[in-house]
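K.L.:
All chains should be modelled from the sequences, with the hints used to inform the complete structure.
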Amino acid sequence: MSKNPGDLKAAIEAHLAAETGGSVTVRALEPLGGGACQDNYRVEVTLTAGDHRGDHVLVLRSDAVRSLPGSINRKDEFAVIGAAVRAGVKTPTARWLARDLVRPGAYAYFLDWANGVAIGRRVLRDADLAEARLALPRTLAVELAKIHTITPSTEPAPLPPAVIDVLAFTRDMVETMREPRPALFLALRWLEQHPMESPEVTLVHGDFRTGNFMVTPSGLEAILDWEFAHWGSPSWDIAWICMRSWRFGQNKLPVGGFARRDELYQVYEQASGRAISRKDVHYCEVLSNVRWAAGCAHQGERYLSGQESDIELIAIPRRGVEMEFEALRLIERGAS
Amino acid sequence: MQQRPDKTDLLAAVARFLEREVKPAIKDPALAFRVLIAASLTGIVAGELQTEDAATAAELSRLAAILPDTALAIGLEKKLATRADRQEALLALNRELCARLRRGAFAGDAQVWNHVSLTLRGELFTASPRFDTSNNIE
Numbered sequence: 000m001s002k003n004p005g006d007l008k009a010a011i012e013a014h015l016a017a018e019t020g021g022s023v024t025v026r027a028l029e030p031l032g033g034g035a036c037q038d039n040y041r042v043e044v045t046l047t048a049g050d051h052r053g054d055h056v057l058v059l060r061s062d063a064v065r066s067l068p069g070s071i072n073r074k075d076e077f078a079v080i081g082a083a084v085r086a087g088v089k090t091p092t093a094r095w096l097a098r099d100l101v102r103p104g105a106y107a108y109f110l111d112w113a114n115g116v117a118i119g120r121r122v123l124r125d126a127d128l129a130e131a132r133l134a135l136p137r138t139l140a141v142e143l144a145k146i147h148t149i150t151p152s153t154e155p156a157p158l159p160p161a162v163i164d165v166l167a168f169t170r171d172m173v174e175t176m177r178e179p180r181p182a183l184f185l186a187l188r189w190l191e192q193h194p195m196e197s198p199e200v201t202l203v204h205g206d207f208r209t210g211n212f213m214v215t216p217s218g219l220e221a222i223l224d225w226e227f228a229h230w231g232s233p234s235w236d237i238a239w240i241c242m243r244s245w246r247f248g249q250n251k252l253p254v255g256g257f258a259r260r261d262e263l264y265q266v267y268e269q270a271s272g273r274a275i276s277r278k279d280v281h282y283c284e285v286l287s288n289v290r291w292a293a294g295c296a297h298q299g300e301r302y303l304s305g306q307e308s309d310i311e312l313i314a315i316p317r318r319g320v321e322m323e324f325e326a327l328r329l330i331e332r333g334a335s
Numbered sequence: 000m001q002q003r004p005d006k007t008d009l010l011a012a013v014a015r016f017l018e019r020e021v022k023p024a025i026k027d028p029a030l031a032f033r034v035l036i037a038a039s040l041t042g043i044v045a046g047e048l049q050t051e052d053a054a055t056a057a058e059l060s061r062l063a064a065i066l067p068d069t070a071l072a073i074g075l076e077k078k079l080a081t082r083a084d085r086q087e088a089l090l091a092l093n094r095e096l097c098a099r100l101r102r103g104a105f106a107g108d109a110q111v112w113n114h115v116s117l118t119l120r121g122e123l124f125t126a127s128p129r130f131d132t133s134n135n136i137e
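Residue numbers (numbering that gives the first Met the number 0), protein chains in the order written: chain A, 0 to 335; chain B, 0 to 137.
Warning: the hint list may mix true and false statements.
Heads up, simulated DMTMM-like pairs for lysine to aspartate or glutamate below, C-alpha to C-alpha not over 20 Å straight-line [unchecked claim]:
{"#": "1", "chain 1": "B", "residue 1": "Lys26", "chain 2": "A", "residue 2": "Glu300"}
{"#": "2", "chain 1": "B", "residue 1": "Lys22", "chain 2": "A", "residue 2": "Glu29"}
{"#": "3", "chain 1": "B", "residue 1": "Lys77", "chain 2": "B", "residue 2": "Asp52"}
{"#": "4", "chain 1": "B", "residue 1": "Lys26", "chain 2": "A", "residue 2": "Glu199"}
Here are some chain B residues the structure puts well away from chain A; computed CB gaps all over 10 Å [claimed, not checked]:
{"#": "5", "residue": "Gln2"}
{"#": "6", "residue": "Ala72"}
{"#": "7", "residue": "Arg129"}
Rather than coming from a laboratory, the hints here were simulated on the basis of the structure.
The beta carbon of each residue, even a glycine, is placed where N, CA and C say it ideally should be.
P.N.:
Here is the structure:
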């Protein structure tokens, strides 16, 4: 159970007082919706000491009771964000890691508040974001290249996320589905027969897509949500942003529903000095659709098991058919 | 059983009510979004009620052609009387197809690929009517 607002306010004040060495006042505290794996809160604080004295708006991000397969906890996420900030990635700084703050056993930390719009449909359609949209492919390519400069050997201390064998992990998700879905087994077999060609390993953001980009009229404000970060091929992030699920109907603009592939690829290749393997991106796009289709079924089980009662959860499995179809369509089409 | 209004009429009325009367009255955007989901689910069920019998029969007959031995083993001929029978047969045949695909059977088999593709198209027709299944996609 999470703490009640009064206790949480007192706990935040005590934790930040210990971290900053001065008295702390929480002026406002409200829960934020949206995360499946976190409890998020908007916090307004006044700090009286330390490098950050003054008034601040922060996000408190805590582990939730449940997590999704493949997601990391807030302690590991805190370390990943630290590495990303050091690499110059536009993402809010994470501070003041805590344990037991919101709930016993749960890790939590504070993020600087980022302004802007992240909701996919609004990022793609809001009139005042038109100019920002034009600049997005270029900015995102540069940011992604920065994320992919982080490798196991560039880090002073080992970064916690695992090297994920995505195929084995996805196969397990497919095989533990309660309903047998032949399309997913057809796709898994194709994947086994067409392995990736590049063995390169970098940090992978893991959820690099429209919906996790905070955008203002002046451009990209921040890249959010590192909960699926892991070590793996940089092709994962390139494939993920091109997945049909994040195009919101803009099917001719594969990069997040706002750009053609070459607009992202060219700048990324220049910025990273790395040639994108079309074959590997295609493989990752097929596998991501399979993984996401199986994920939809597992989300539905959270409702069907009686543990949760959010109508969104039981609605998701019917959407999984779209990803199954897309995986087979991509296999038929081949790399592009 | 009373026929007028029928199940589809009733579900369509619920979907319309949620979309046109309930949703506009809700100020909380997260709740309004969930009302839209409820309306959409109601529409999906209405569509499945209309297509289910024909879609299930077609899927079963394609599966029986792909897995004649399994169809015989589960006594498919005698298992088509009720909706529950048909669903049970569908589950058994799909489970067997998945098990064989997992073991490497049907490599490069166009019949299986076409069957799976047709089944998905049928499911999308009701679950995601706006989903574009043409090749007009990048």
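K.L.:
The structure should be examined with respect to each hint, and the outcome stated for every one.
P.N.:
Hint-by-hint comparison with the structure:
1. B:Lys26 / A:Glu300: violated, 30 Å
2. B:Lys22 / A:Glu29: violated, 25 Å
3. B:Lys77 / B:Asp52: holds, 17 Å
4. B:Lys26 / A:Glu199: Violated. Lys26 (chain B) to Glu199 (chain A) sits at ~49 Å, over the 20 Å cutoff.
5. Gln2: holds, 27 Å
6. Ala72: Non-interface label on Ala72 (chain B) holds, nearest chain A Cβ at 17 Å vs cutoff 10 Å.
7. Arg129: Since the minimum Cβ distance to chain A is about 8 Å, Arg129 (chain B) lies within 10 Å and the statement is violated.
In this structure, the hints that do not hold are numbers 1, 2, 4 and 7, in rising order.
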